[in-house]
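Order-wise, the sequence lines are chains D and L. Counting in our numbering, the first sequence tops out at residue 120, every number present. Counting in our numbering, the second sequence tops out at residue 118, every number present.
Only true hints are included.
Calculated cross-link-like contacts (lysine-lysine; reagent style DSS-like; alpha-carbon spacing at most 30 angstroms): (1) D:K107 with D:K74; (2) D:K77 with L:K64; (3) L:K20 with L:K64; (4) L:K64 with D:K107; (5) D:K117 with D:K82; (6) D:K59 with D:K77; (7) L:K20 with D:K107; (8) D:K74 with L:K64.
Derived list of chain L stretches under chain D, where covered just means 3 residues or more per stretch with a C-beta under 8 angstroms from a C-beta of chain D: (9) 43–56; (10) 88–101.
None of these hints come from the bench; they were simulated from the model. Beta carbons are placed, not taken as given, at the ideal position from N, Cα and C, and that holds for glycine.
Residues per chain, in single letters:
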Amino acid sequence: AQTVTQSQPEMSVQEAETVTLSCTYDTSESDYYLFWYKQPPSRQMILVIRQEAYKQQNATENRFSVNFQKAAKSFSLKISDSQLGDAAMYFCAYRSPTSGTYKYIFGTGTRLKVLA
Amino acid sequence: KAGVTQTPRYLIKTRGQQVTLSCSPISGHRSVSWYQQTPGQGLQFLFEYFSETQRNKGNFPGRFSGRQFSNSRSEMNVSTLELGDSALYLCASSLGAGGYTFGSGTRLTVV
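Bound conformation, chain L alone (with noise of 0.2 angstroms):
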């Protein structure tokens, strides 16, 4: 069975530009959860989604957004990045109480 797949890997971009991260989740789960991990701050929780609907929100400035797709799929946008916003963007799905599925997650860079 596959697992949780973020796409892309690794990602370059300017300051003041924008970034589309992509998560597919575990077939099945219909609850998606991004974190933001920094060595400074660790991990971050930034959103979920369940049923595209977003159940929770981290305490993130509003050029973090997300949504789900009917499917499931999930993406994640940052808009205006800043030099701070560089992370690994780690997505998670979960079925339910089971725990965390985790995908490979995405590092951005911004420069």
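So here's chain D without its partners, still in its complex pose (with noise of 0.2 angstroms):
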């Protein structure tokens, strides 16, 4: 079965400075997506930035952008000039493709406070 681990429950980060998230999986499968989400205090979870396990360059999304390690099986996200709207939670999320479902497996999440 996959996983999925955040292993920092928080982090913070100045504004205007650059923060990582860290995630790891583990999959036998060769194609999947990974996904980072965000959740705010307003509680509905924001897709952030997706990444389709066969393609090998990293996907950015203005100031977000990944560092994606298939053969160690991580998916860290990377964001730029952080901002106070930035904070919340982070959830990272795996995706089979092949399962004939959209069942996500999430990470247990990481807290991101940005001080201004």
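Assemble the dimeric complex from its two separately framed chains, guided by the hints.
Below, the structure is given as structure tokens:
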């Protein structure tokens, strides 16, 4: 069975600085999807970035980018020029494309604090 | 375009009662999934529906059930509520591999 691990329960970053959130996963599949979701105090989970395992190029979305290391099964999220609005819980998630379902496996989350 | 709508936002129930939560997905999305979020267990998958059929089910007791209607709207039901069922219940809809779109959740408190 697949697992997703986020080893940093909490991180802090100074406004305008860069922070990296870690995520590792375990799977025997060769093709899959990885996601980072953000959950602010409003509770709604928001998709930050997505990576397909078959793509070697790291995904980027504005200030958000990932470092995808398939062999190491690592999927970290880098937030550049951190803003106060980035403060939230961040969840890493795995999805298998072969199981005929959209079920995701989530990590336990990392709480990001942004200091003014 | 309207997002995923969950109702109600908050709910307080007594042990032993039952509860029904509702989720309206984004128009055109046929897949609806439900997750339970608690501080101790994190996000746990409850079930997924696709075109009115349950496609996958998580490891929850039979007290948790769901269904999906022909318009893709989904409901989940929890019978004989226990204190441990207190949680944020999140619904998500999906069109394909692009990722889920989540609703704002229903906060259920069992007293």
